[in-house]
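> The primary structure of each chain is shown beneath.
There are 2 protein chains.
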Amino acid sequence: MTETQQGALSAAEGPGRDRGPVPVGSHDPPDGQEAAVLLEQARTSVDPELRRAVGSLPTSIRRIARHHFGWEHGDGTPAAGNTGKAIRPALVLAAAAALGGHRTTAVRAAAAVELVHNFTLLHDDVMDRDTTRRHRPTAWAVFGDAAAVLVGDSLQALAHRLLADDPHPASSSAAARLADCVVELCEGQHADTAMERRSPDGITLDEVLLMAEAKTGALLGCACALGALYAGADDADVEALDAFGREAGLAFQFIDDVIGIWGDPGRTGKPAGADLMARKKSLPVVAALTSGTPAAAELAELYRLPYRDGDLERTVLAVERAGGRDWAQQQAADRMARALDHLSRAVPDPGAAGGLLSLAEFVTRRSM
Amino acid sequence: MTETQQGALSAAEGPGRDRGPVPVGSHDPPDGQEAAVLLEQARTSVDPELRRAVGSLPTSIRRIARHHFGWEHGDGTPAAGNTGKAIRPALVLAAAAALGGHRTTAVRAAAAVELVHNFTLLHDDVMDRDTTRRHRPTAWAVFGDAAAVLVGDSLQALAHRLLADDPHPASSSAAARLADCVVELCEGQHADTAMERRSPDGITLDEVLLMAEAKTGALLGCACALGALYAGADDADVEALDAFGREAGLAFQFIDDVIGIWGDPGRTGKPAGADLMARKKSLPVVAALTSGTPAAAELAELYRLPYRDGDLERTVLAVERAGGRDWAQQQAADRMARALDHLSRAVPDPGAAGGLLSLAEFVTRRSM
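Protein chains in written order, with the working numbering: chain A, -11 to 356; chain B, -11 to 356.
Chain A on its own, in the form it takes in the complex (with noise of 0.2 Å):
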């Protein structure tokens, strides 16, 4: 459902694309090559990095950080390595990068970024049992609960750590403001496991998103803010960065929602309709249970009960219906505006935000 995906942003650029979304500007239409060239970039220069960074773990941790990576085996041999498509140290690199900073200054910061990430991800399973990740069985699946979260504590540390030994001088900053957002994401699971609980009856928008503002956008806005940061750009500029990420962040939680309904299993690696069998509050599904509309009281009836062999296509009906689809894709569309919106702001020249603009629009065309 290769057109779903697509389609999902042609919303923010009006009807009638083909191709999916094209920024605003004068920047050249992103067919992803842009994009790919600097997630590879991130990859080379910041993966020297974080195999320091973990490298320097004693043995017993660092064999779990390695299996979490993708470095190695659940029983110590060598692994291809599937570390995930280094989205945020990309967002870092190319910050720096459109506000007049040298990349490779940042790099550390970049990398900082993606131990938070992985150390958030270590955690999160543990909490919502998820058993797989990338393909590969999580690391409280194979080393147990403790060891897994004694991993995530080690990678927040060696992130500070990181920045504490950098020489820059925004690495002070930079470490402040990624510790907050370490708050915010703390906050966001906090408030995604609490929610798993509640009935959906209760359950506003509001609190969905900014749950999803907290899990998915504070850390792609903190990782803009922190390349402008190592640019050396005004409070003003790292703000409207920090903004950028964000809405780009809830533009991608949308699309990553409408797809997890609407997508093809054979692209979205789940199988059909998992979110909406484990009764997940999604966007468009609180959406379209506090939409008013008869769909909604069909949907809420469905939720309240376990689910049966032959509920599902009457459930992402009752979504549809209740306009849960075509406000998320709305949705995506306008935060991805409002996303371009702050980035002009800080980076007028089309030129320069070229890198973060061909970003954006990959966050919101895959999922991360």
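The set of hints was computed from the structure by calculation and includes no laboratory data.
Owing to the predicted nature of the structure, the values given are computational and were not obtained by experimental measurement.
A couple of the hints might just be wrong.
[Said to hold, decoys possible] Simulated coverage check for chain B against chain A, where a stretch passes if three residues somewhere in it have a Cβ under 8 Å from a Cβ of chain A:
id: 1; segment: 105 to 119
id: 2; segment: 136 to 149
id: 3; segment: 176 to 183
Every residue, glycine too, gets a C-beta built ideally from N, C-alpha and C.
Here the structure of chain A is known, so what remains is to put chain B in place on it, guided by the hints.
Below, chain B without anything else, positioned relative to chain A:
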């Protein structure tokens, strides 16, 4: 069994003393009053900093943190506050003073150390399934595992936030050192949880010593080192202060393990022999198990089987006859002597060293 507690350390000073250990040097024999004053001062200066940091957390997480610190009950009503003895903040401030710094300059560093300590308590309690701490229900027991892990994560972030915001020239080195210490604490806790699942047969004394140093010595050493850094001490003095804190921490652990077996339940707050009934691999037990004595074989046999009524006395006797108690007391004395030796190298003036000495005496005479 006050004698046991004092006796444990009197071995450090030779037999026949009545009043417990006295530090080397011309400093007045401590009667605990100086330590009590330093601890009270530390609480008074660090508490506002801690409350401010915790107050900056988002509502949902702040509530749980305030419960953990004993400032609030589970239902949100105010509580008297029982945040522990503030040993670690007191060590930071006393180390700064001992090396000619001003106590007040190191208050943020002291609060950061206390935040790290509390983050590890929150996580350790989840892993160890401990339901009470400081005579109150633990955070996970009230709010669930996920909440306790997330609040711990946030406290680690707050610790780094405090140092990142601190304009003191030592704050970056302090942050790097604190991050290293977090990794070591995680290593210690990881070894501990792994050890609890292993049969006692293969466990060596070296392993248990390393674990105790990582779990207990590392943060006391880090506290002293941070104080030294904030006083502008040179590398050699910072390392000497770290070594002082580590050895004092190990001395404490030996005493604590001895008290765990032979202590007065009325003072320890734990039922008599709880550690033995739970088959804990404490320092005296592993020393006894690896002693090669006939009593070692008897102890191994007792530890192999689940606890049965009446075993306790036999187990206590076996540890004692295998030399576990004498060894642990001698080790506590040796570690304390090493601690004082490290201290006197960095702070030869007994007057200047007095605060740290009295705190070291305090921790090895009571449970922390």
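> Which numbered hints turn out to be false for this structure?
none
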